[in-house]
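Take these sequences, add in the hints, and give me the full structure.
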Amino acid sequence: MSDRPDPPAHYREPLLQTPFHARARALSQVDQFTPWSGYTTVDVFTTVEQEYFAIRNAAALYDLTPMSKYRIGGPDAVDFLDRLLTRRASGLAPGRLAYCLWCDDDGHLVDDGTLFRLDETEYRLCAASRQLDWLAASAIGFDVQIDEVTAQIAALALQGPTSCSVLKAAGLVGIEHLKPFQLGRYDCGWPLIVSRSGFTGDLGYELWMEPDHALGVWDRLHEVGRSRGLRAIGSKALNVARIEAGFIAPNIDFIPASHALRANRARSPLELGLERFVDFDKGHFTGRRALLAERERGPRRRLVGLDVGGNKPAHDALLYAERAGRREVGAVTSAVWSPTCKRNIALAMVNWPHCTEGSALWADIYLNRELVWERRMTAARVVDRVFFSPERRRRTPAVDA
Amino acid sequence: MSLRASSNAVDCLVIGAGHNGLVCAAVLARAGRSVLVLEAGQTIGGASVTREFAPGFRVSAGAHLLHSMPATLRHELRLEQHGLIAAATRMPTTALLEHAPPLAVEAWACGVESEARAAFDARMRRVARALAPIIERRPPRIGSGGMRDVLEWLRSALRLRLLGRRDLRELLRVGGMNVYDLLEEQFESVALQGALALDAVLGSNFGPRSPGTVFTLLYRMAGQELALAEGTELPRGGMGAVCAALAAAATAAGAAVRTGAPVARIVIDADRASGVELADGERIAARTVISSADPKTTLLRLVGPRHLDAGFVRRVDRLRGRGLAAKLHLALDRAPAFTGLEPGRLGSRLLIAPSMAYVERAFDHSKYGEFAPEPVMEITVPSAVDPTLAPQGRHVLSAVVQYAPYELKGGWSDGRAGAIERLLGMLERHAPGLRDSVVGAELLAPPDIEREFRIDGGHWHHAELAFDQFHLLRPVPGASGHRLDIPGLYLCGAGCHPGGGVIGLAGRNAARCLLEHGE
Ligand SMILES: Cc1cc2nc3c(=O)[nH]c(=O)nc-3n(C[C@H](O)[C@H](O)[C@H](O)COP(=O)(O)OP(=O)(O)OC[C@H]3O[C@@H](n4cnc5c(N)ncnc54)[C@H](O)[C@@H]3O)c2cc1C
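From first to last, the protein sequence lines are chains A and B.
When we follow the numbering used here, the leftmost residue of the first sequence carries the number 240, and every step to the right adds one.
When we follow the numbering used here, the leftmost residue of the second sequence carries the number 1245, and every step to the right adds one.
Read the hints as simulated data drawn from the structure, not as lab findings.
Just so it is clear, CB atoms sit at the ideal spot from N, CA and C, and this is done for glycine as well.
You may find that some hints are simply not true.
If we take Cβ atoms under 7 Å as the criterion, some of the chain A residues that face chain B in the derived model are [said to hold, decoys possible]:
1. Ser377
2. Ile379
3. Gly380
Pasting the structure below:
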């Protein structure tokens, strides 16, 4: 890691375009783009509803290229990853990937992402935001080679009930046998690495390819996908799906530790309800001592699911222990009306002990009705935050819808 | 098998037999702990050592003056009974000047400026005295929330408050200043300014104009406040005698000292220090491990990043610890004759720092990897007061050479002869005929110091002593106060508060910290 070249002069560049940009631009009907990690990406192509139903009822194609990607290799790669991540990297077999977290010294979440083990010696870490600084700090004392490969790899998420059949039609032989969190090499006229993973909580795949092949792959998928309801989607629709799946998003449900300016704003995996991804028995990892102390002390708050009354999303609502709204016990971080579950759902950070499942809370919802604000104290109940998890998500061979 | 489970574990295993390691061992042994000191080198002493450098000539190869070891510590360990004898005490300082007779730097001897000098000294000493307890005590730990740490904070604040309004205001005014501006404001004599400025930058990576150099000066003075009234001393037998007395105190209390035992690794079992592994593979079990090696060596090499958090490792990795002071040793076949120096003052501290501008210029060169054409020196001729160091009638000259870059342009193997030549040329200007009397010469550049004393970077203080690496922040935030996050593991070397110099407080405070925690 010692001889890293100077970082590129990124400040001279405006927002970058992903290799799919030409197609995305052509499909965009409402011209809603949003920056993500230095790239311009689509927020909405047509309407959120239309795109959302593509995710849940057919197949949705989402441009994942801005995901920060790091190639990790070298003799100490496994040791490095075991010290970086809260779960055991050494247990990950070649050809598999895993959802994982990494913390700072105080046990606060720096970010979450997926770790791919491409083969015996090479790993790839994907995260929503840039991580090179933290990876470089974590590499001190390890014989490990870390390269940022974000721009070298174009990526698409193909999610939804018909996603497997779209891929089959595109010529990915045997794709139905790919198990969740497994990856494989396929061909659709262009070579692809495909992982069975995603951010929608449904059957779905992520496709990794060379940028030069990006448009070819895109066109091929659209060609065979037309009859299978395939539609390009933006981040707005994806956000609805990920809330239903109970997945957390940085800067929405938690502030990455490296971004938090105020004390007490960063959150630990225990607070975020992710303790099943923390392995205290695997030896030391960054943040372990702090997390052990936290576990000993007991939780102060927790990110939970909420079942909210009515049908008005509880955006940014403060939560109270009683209807009178005197004792504030938390706040909603993500909220949406779930069309699939037909429930008004939310994710919320709630103080102990009100975060235990079944706790009755009140959400203070503000409604703007043609510029007249109404306030609704609405009953809410703490529930498991995985609102949507269909059987087909797990089944192998994948069901062909 | 876990090391801790074995029955022959010692209570305390100290890594390094430098003076801090030995102090720590002595205090622990006196408190009834079973103690084993492991030293990598063939002899004890670390950077406070006496050794031969030319046949029949011995020198303090690292530190050469004893000026800041607290009187309380010397009494506590009865170092005098254990053989520490002074060859000279209250050593005066003499500024060597090229076109003027040497200047005695004592307040009363400063001619027209003696009054200004006395007032300056008095004020600085009052402030230094207020700082002394802060230097002497273990710093609190930030963010611990513990009662002891909060009290320690209050105590430090109160001490400064007790300074009185005028002195406190003066401290706040000058505390962040550079010594160049302060001395410029106080004195007319450039020679006096140069001599006083040297104390602020000796052993550091600073020039007189660098920020924070009033602080480093006060720091040094505060250390001296804690020392014996005897002031600066030359121990008989050189600085190795200090460590010999410390080792005697430690072994008398039951500690064992093993030399030639380089520790390769501190063994961490179930997130607890449980002993060490030597370079030859031997394993020694211990209930606690206390390291006097520099922080980078201890944390990055002996413990290893695998057992530490990444943010912490980054801070340790970024610790500034490149030495900028070299050591010149000359074997002379007769006494050096410094022009105009009274024979009685050959045993004083002789400074070549004729003005602050001169010192600053020498520093400037080092910034660009050059050895200054006109170097700065703190010279002692210990054989003038201690006949044990050289054969009859012959002499030893020991000089700290300030501003020798660790990474010399072109490298030290090619640059060494030229550097020695330059130093001899400089000395010749002040002591004509000296060059002809040289029968042996040795120059320890920072990389040599690194190698000989096993100090990563070869820095006097193991890690730069500066505002941002001081007290609570020393060696790095999250590790102040000796005790590390890994249970059973402690630091006790110069990289801890209050820093380097042969002081012994880091060793003593580490031992006390361990005892307070009931380990
Ligand atoms: C050129 C120079 C001149 C100086 N002049 C003065 C002066 O005049 N007056 C003054 O007060 N101070 C002076 N100092 C500073 C002073 O010498 C040091 O700050 C002080 O000696 C440090 O003591 P210590 O016990 O903390 O560490 P050290 O003396 O460095 O001792 C650490 C010991 O640990 C041992 N060790 C390291 N790694 C291992 C391992 N893996 N296994 C086993 N053992 C290990 C080393 O061999 C060493 O013996 C000078 C320093 C230098 C470099």
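Evaluation of the provided hints:
Interface hint status for Ser377/A: upheld, as the beta-carbon distance to the closest one in chain B is roughly 4 Å, under 7 Å. A cut of 7 Å between beta carbons decides the hint on Ile379/A: the least distance to chain B is about 5 Å, and the hint holds. Taking 7 Å as the C-beta cut-off, the interface hint given for Gly380/A holds, the closest approach to chain B being about 3 Å.
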